[in-house]
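Protein chains: 2
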Amino acid sequence: MTLPNAVRIVEVGPRDGLQNEKQLVSADTKVELIRRLEAAGLKAIETTSFVSPKWVPQMGDNTEVLTRVLAAAKRGVAYPVLTPNLKGFEAALAAGATEVAVFGAASESFSQKNINCSIAESLERFRPVTEAARAAGVKVRGYVSCVAGCPYEGLIAPQAVADVAATLLEMGCYEISLGDTIGGGNPASIARMLEAVMKQVPVAQLAGHYHDTYGMAIANIHASLQMGVAVFDASVGGLGGCPYAAGASGNVATEDVVWLLDGLGVQTGVGLGALVDTAAWISAQLGREPASRVARAVLAKRGAVS
Amino acid sequence: MTLPNAVRIVEVGPRDGLQNEKQLVSADTKVELIRRLEAAGLKAIETTSFVSPKWVPQMGDNTEVLTRVLAAAKRGVAYPVLTPNLKGFEAALAAGATEVAVFGAASESFSQKNINCSIAESLERFRPVTEAARAAGVKVRGYVSCVAGCPYEGLIAPQAVADVAATLLEMGCYEISLGDTIGGGNPASIARMLEAVMKQVPVAQLAGHYHDTYGMAIANIHASLQMGVAVFDASVGGLGGCPYAAGASGNVATEDVVWLLDGLGVQTGVGLGALVDTAAWISAQLGREPASRVARAVLAKRGAVS
Numbered sequence: 001m002t003l004p005n006a007v008r009i010v011e012v013g014p015r016d017g018l019q020n021e022k023q024l025v026s027a028d029t030k031v032e033l034i035r036r037l038e039a040a041g042l043k044a045i046e047t048t049s050f051v052s053p054k055w056v057p058q059m060g061d062n063t064e065v066l067t068r069v070l071a072a073a074k075r076g077v078a079y080p081v082l083t084p085n086l087k088g089f090e091a092a093l094a095a096g097a098t099e100v101a102v103f104g105a106a107s108e109s110f111s112q113k114n115i116n117c118s119i120a121e122s123l124e125r126f127r128p129v130t131e132a133a134r135a136a137g138v139k140v141r142g143y144v145s146c147v148a149g150c151p152y153e154g155l156i157a158p159q160a161v162a163d164v165a166a167t168l169l170e171m172g173c174y175e176i177s178l179g180d181t182i183g184g185g186n187p188a189s190i191a192r193m194l195e196a197v198m199k200q201v202p203v204a205q206l207a208g209h210y211h212d213t214y215g216m217a218i219a220n221i222h223a224s225l226q227m228g229v230a231v232f233d234a235s236v237g238g239l240g241g242c243p244y245a246a247g248a249s250g251n252v253a254t255e256d257v258v259w260l261l262d263g264l265g266v267q268t269g270v271g272l273g274a275l276v277d278t279a280a281w282i283s284a285q286l287g288r289e290p291a292s293r294v295a296r297a298v299l300a301k302r303g304a305v306s
Numbered sequence: 001m002t003l004p005n006a007v008r009i010v011e012v013g014p015r016d017g018l019q020n021e022k023q024l025v026s027a028d029t030k031v032e033l034i035r036r037l038e039a040a041g042l043k044a045i046e047t048t049s050f051v052s053p054k055w056v057p058q059m060g061d062n063t064e065v066l067t068r069v070l071a072a073a074k075r076g077v078a079y080p081v082l083t084p085n086l087k088g089f090e091a092a093l094a095a096g097a098t099e100v101a102v103f104g105a106a107s108e109s110f111s112q113k114n115i116n117c118s119i120a121e122s123l124e125r126f127r128p129v130t131e132a133a134r135a136a137g138v139k140v141r142g143y144v145s146c147v148a149g150c151p152y153e154g155l156i157a158p159q160a161v162a163d164v165a166a167t168l169l170e171m172g173c174y175e176i177s178l179g180d181t182i183g184g185g186n187p188a189s190i191a192r193m194l195e196a197v198m199k200q201v202p203v204a205q206l207a208g209h210y211h212d213t214y215g216m217a218i219a220n221i222h223a224s225l226q227m228g229v230a231v232f233d234a235s236v237g238g239l240g241g242c243p244y245a246a247g248a249s250g251n252v253a254t255e256d257v258v259w260l261l262d263g264l265g266v267q268t269g270v271g272l273g274a275l276v277d278t279a280a281w282i283s284a285q286l287g288r289e290p291a292s293r294v295a296r297a298v299l300a301k302r303g304a305v306s
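Protein sequence lines correspond, in order, to chains A and B. Here the first sequence is numbered in full-length UniProt numbering, starting from 1 and rising by one per residue. Here the second sequence is numbered in full-length UniProt numbering, starting from 1 and rising by one per residue.
Since the hints were derived computationally from the structure, they do not count as laboratory data. Treat each hint with caution, since some may be false.
Intra- or inter-copy, both count: the list cannot distinguish identical chains.
Derived PhoX-like pairs: lysine-lysine, alpha-carbon spacing no greater than 20 Å straight-line [as the list claims (entries may be wrong)]:
no., residue 1, residue 2
1, LYS87, LYS139
2, LYS113, LYS301
3, LYS74, LYS54
4, LYS22, LYS199
5, LYS87, LYS22
6, LYS22, LYS139
7, LYS74, LYS87
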């Protein structure tokens, strides 16, 4: 039950968060968001996605955003980008990417409905990307989705998650991020899933990517910490919401994660005040209040004091 | 790490929740809320508070509400009421109460600022209430507030909590509810607090009463379950908000707790669907959306399906 001394937070707001926002966000705002996240102390910021703008118009400015961000890259900060295929990888490489991410679902139905092929086929499609990345000296991170449930199948067997995670590892991913895409996990089911995955992938190469749709993400992170997981994905201000249920929560908010880790005495290197400021700022840009409990409480307390 | 097989949920929405609502709620609505909570399967529902209506106008209808609720009491359901002094206790008894609750703070500053006396003095003031209750065959539940922090003092020593809990036990309380009044606790600090308290009060007589102000309540409940705590207070729809920071969350939502326990395979006897319906209904009465993640997600999913 000893917790890790330090945790690495991978901020996914600018990509995974904004990609689910209906209103188009300008490249200026995206770059400014990333600059503020860097200033708050985040050391890994998923910057954009090299997908077709026909599929994801929000990421149509990917080359501009990545180029501008990298032109003033902060020392020691990683700026991974999502690259669903070789064409996307080549565009990312041309824009200067030094880290990319690929993904696979742990659910056959989800894979079929989302990318119209089986899990095995989808992973094979990524092989050229991981090979090209290795040749170019680019790091590759792997995402597994639906690790604790699927919107079409319901429960997902822990072994199915372990199989996809092991394949991504074998393909050369340096880290596997385990995504509870629908937020259906709880501390018990997440622990069972991790137990199966840890038999095939060293825990030092695992990350938790938990959605807070049913308010379980913080408890799931705590359960994962107890099992040795020391990397977590999060989205500032809870950006993005839930693509499967409008009005519900999606990615766990980065400030909620930092609050938990601060309380547990686990180092993150992230400053909570600056992070809450950033959550308030990007939420204002989107015309709303921050969705996270911590941002709301900290801002309410500041208001009460002033 | 074995969890309890079953958990008793004490629903505090009609009292602790509504008491913090600015708009006056009618006795009809309060009684209807309690009927719906019974129908959802809750077996303990804090019904009202016998305080002076000058202090808490929202509870000015205490006799009417309790009388009406008890007139059609459901078998096996407890309807505790808060009684801060002997006058309140006598009024509660006259209205038919068979269970009352008293309270003490674990923070000297909080006690002084809220009820203008020391912790020790406040507990002595309750002694006539517990003695009268014993004489009348009325059960007494004890609340300790500020168990994981105080709005004035910051951190609170676990031993201070244990001392108040032990005194309430010695005065005849059958159960001690440990309140994280400002939601400042996390799984580590809650565990340290429980460890100290459990040296003086058997865990079977403890309840967790955690606020979700910083989104930690579900993780704190999970940590408490791991230590054997099997009673938790919660408020349907997260009713009540946070009296120390307008706009922030207060009591953990009952539906979030039930969702967690359902996922962990721990029995509650509460039906999630009926509970979410109740959260939606009372929130509509108050002119807003339910505050809880689970209610929002379940309602959004129903909307998406229909």
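Structure-based check of each hint:
Taking identical chains as interchangeable, the C-alpha atoms of LYS87 and LYS139 lie at most 20 Å apart only when both belong to the same chain, with a minimum of 17 Å there against 71 Å between chains. In this assembly of identical chains, the alpha carbons of LYS113 and LYS301 lie at most 20 Å apart only when taken from different copies (18 Å versus 45 Å within one copy). For the identical chains of this complex, LYS74 and LYS54 are neighbours neither inside a copy (31 Å) nor across copies (59 Å), given an alpha-carbon limit of 20 Å. In this homomeric assembly, LYS22 and LYS199 never come within 20 Å of each other (Cα to Cα): the closest approach is 40 Å inside a single copy and 54 Å across copies.
In this homomeric assembly, LYS87 and LYS22 never come within 20 Å of each other (Cα to Cα): the closest approach is 25 Å inside a single copy and 58 Å across copies. Taking the shortest alpha-carbon separations for LYS22 and LYS139, neither the intra-copy value of 30 Å nor the inter-copy value of 55 Å comes in at or below 20 Å. Taking the shortest Cα distances, LYS74 and LYS87 never come within 20 Å of each other, neither inside one copy (27 Å) nor across copies (66 Å).
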